[in-house]
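Engineer: So the chains spell out like this:
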Amino acid sequence: MSLSKKAIALVGTLALGVTAFVMAPSTQAATVVNGPAPAIPGATKGGILTILNQYDFEHLDPARNYVGSALDFYRFFVRTLTQYRTVDGKTTLQPDVAADLGTTPDGGKTWTFKLRTNLKYEDGSKVTCADLKYGTMRSFNDEILDGGTTYAEQWLLNPTNFTGPYTQPTGDLTSIICSPSGDAITYKLSQPIPYFPYVTTFGSFSPVPKAKDTKLKYDDHPLATGPYKIQSYDRGKQITLVRNQYWNAATDPVRWNYPDKIVAKFGYEQNALESLLLSDAGAARTSISLDTNVVTNLPKILAAPTKYKDRYLSFASPYSRHLNINMTTITDLNERKAIQCAVDLKTVILAAGGSSAGTYSNSLIPSSISDGYRNFDVCGRDVHKNPEAQVAAAKAFLAKAVNPKMNINFSYRTKGTEPQRAAAIQQALQAVGFTVTMKALSSATFYTEIGKTDKGVVQADLMQTSWGYDWAASSGIIFALLDGRTITPTDAHSNYSRLNDPALQVLFEKADLITDGPASDKALGDIDQKAIQDLAAVVPMYFENTNVIWGSKLGGIHEDGGWGTISPISAYIKK
Amino acid sequence: MFRYLVRRIVGGVLVLGIVSAVVFGLFFVLPADPARLACGKSCTPELMAQIRHSLEIDQPVQVQYARFIKGIFKGRTYLKGTEAEIQCAAPCLGYSFRTNELVTDLLKDRAPATLSIAFGASILWLLIGLASGIISALKRGTWIDKASQGVALAGASLQIYFVGLILQFILVDKLQWLHSPGYVSPFDDPKEWAMEMALPWLTLAFLLSAIYARLTRAGMLEVMSEDYIRTARAKGLSSRRINFKHVLRGAITPIVTVFGLDLGSLLGGAVITEYVFNIPGLGRLATDAVSTVDLPVIIGTVLLAAVFIVVANLIVDFVYMFLDPKVRLS
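Those protein sequence lines, which keep their order, are chains A and B.
Following my numbering, the numbering of the first sequence begins with 1 at its first residue and continues without gaps.
Following my numbering, the numbering of the second sequence begins with 1 at its first residue and continues without gaps.
No wet-lab data here; the hints were simulated from the structure.
All values derive from a computational prediction rather than experimental measurement.
Incorrect hints may appear among the rest.
To be verified - Once the Cα atoms are required to be at most 16 Å apart in a straight line, the calculated EDC-like pairs of lysine to aspartate or glutamate come out as: (1) K530/A to D501/A; (2) K174/B to D280/A; (3) K210/A to E83/B.
Bound-form chain A, shown alone:
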């Protein structure tokens, strides 16, 4: 992901997070790819990698995992059908338990992957196609194994209404078919999903042997297929990983195994953790935090770029912060454009914690997705150069609007800096003549409330939302946020703008059929631009910056373009 010029000026000589996502052309999809992963220059084996987190990982059970840092961490011991790998700033999709990236003879409704047949679990038993199938089947019991993705349930054909092995022990998911020799697996989908190999990076597509499924307890100790296995896990306190003797680097193009041991400790306080890592004293020299964005000590780091350059990284994460304009309540295009012009992105970022908190955005697609992103103007200007409110333009649009709704209600979450950002937005809108009624909602209920489309429900006119893509492609963003087909009579799901434009829907239907990655990104990038520039459905604001510091004896730390997080997957201890 490239940083904006402003961010580059800010960090000076510090390490810049520059990661691009390279889509695999569809012609390469059937090529078998083996390990090992390319060696990291200077890396040697040995030592203990320490991870110091504020919070424990929500879940380690692959079927229950949907949080970026956990999805990255559990790659140490969980292998999925496909997976991301970042080397030299380039992130690519790789086959993992699969031996190739899959082929589809029918535009994405049927996918077949060749499988590696020489993989073993930590106990020496073989990984089989049936295990892979069972791993997906158990994710159907998401009322028990909650918290994970529901893509398998959503898109796999389910003619027998299979509800999961815990509630239907003798049931079967007939849309997953193993070849007789177990060297290939076929998935039959209910609709064409050209980006299905991205979906299979999630844990519901990882192997779990039925006989060793400990149900809810699997969350404490998933059977390892990666280079490490769990030696001990004391929830909320510490997890220790040691080498998995049955992992073979030659079968794994995704992972490395430089440290002898990995210890993750939880419960640290933000400022104490920042001080500890900054001090680089004792065990902190081989430590990193996966859930601590440096805030308090950021000015200190930026003031001494040379001192910290080898152990600090700042990058624009894939977490987009934007405003959704409800197109069913603010129906006038000119009024929506006036709102786009009125929002002062500079004050929003300052409210978020200062100019290093984020990188201005004009699009819902981050610049790291190079085939989908384009730097189009919003309200007639390049927001990276002129992030300030365009007050005159806003008033001009309002003058053209027919009976504009000037009393608008604005919903936001009471979490982090969201109230402060909401206040900045309110002020900017009031400066052009709007009267803004603020509605603060708790984190636990926010998205449920703003998604309601039931008759009689008072809907928000403006909503401050965020989105982190589920996979590093435009398809992981645009379908969820802008596709009118996701709207139901009771729920807008993630299309909070309630965008359902007929011309745009035609483009969505065409995009459904594109199996080539770069072409798909481009088509969805067109939709993104139309939705924002022409229809003013969304006001993009910024992509959150992640600022991370780690100990001086750690090498191989990088930004993972797949999960959008800082990643220790290729970490090594310097001698």
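Using the hints provided, position chain B relative to the given structure of chain A.
Structural biologist: Below, chain B without anything else, positioned relative to chain A:
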């Protein structure tokens, strides 16, 4: 004595019953929805309803409370009729679907860290507070008294999150005299246990001994002006005997009360201490449970804290009886 004990125990159980009912009720008044939090990013109304059923929170509050109380005496089964059934033997305080553990197991796991903080710090603050208060009282008006009271005032005014982080920066990060705070079982490595607990102990001792120093000083000065003390001096008793056997004993009653309350509440979960120093104790468990809306754990930690306070008060009453013969348990 026996009847008094029975009355106090019955009263204690009633208090716990009321506490559990209030926590249950308050939980349902809050807007947070544990099913929504568990549901994750790709939540649908149907999935949320299924999760609510799995968590057994789709029942009326009185039914849920009745099941909870029944579980304490008879045990309970979760996810009955599925392959993922969970047995919870009596006394069952619930099952945390968040951490996949029985609440009683969680409490047993976290209690030692909190007990370590509470007992270690209480011994230190009592010793420091009493010593400081005694010296101040005996050296009243001198620079020693003034200095001691000044330090006590500082301790009473400052907050643990401030003092703790400063001390950690100095003693751990910079000087490296102490180890990073944490918890290791004293049975596994007593030296490491003490080294990791030292900073929380010292911080709490500095802050809490202030109150004891002032109480001790004030109490002793009051007792020292009593006629019977003057009589003791006139009879030729040594100063040491007068000060410790008569003056201190007369002043100690309010200190025992405060100590009982402080220790009881610290045992229930030194929330800020555990948070600042990253100690995985009951307080930390409680705050994590609140932020994740983990009701069974919230109720478990609150009930346990109530038990500690009830027991602490009971012990204080008994200690009074020994300290002051005029006090009768009736």
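Engineer: Each hint should be assessed against the structure and marked as holding or not.
Structural biologist: Checked hints:
1. In summary, the hint linking K530/A to D501/A is supported, as the alpha carbons are separated by about 10 Å, within the 16 Å threshold.
2. Of the supplied pair hints, the one linking K174/B and D280/A holds, its CA atoms being roughly 10 Å apart against a limit of 16 Å.
3. With a C-alpha separation of about 12 Å, the suggested pair K210/A and E83/B falls inside the 16 Å cut-off, and the hint holds.
The structure is consistent with each of the numbered hints, conforming to all of them.
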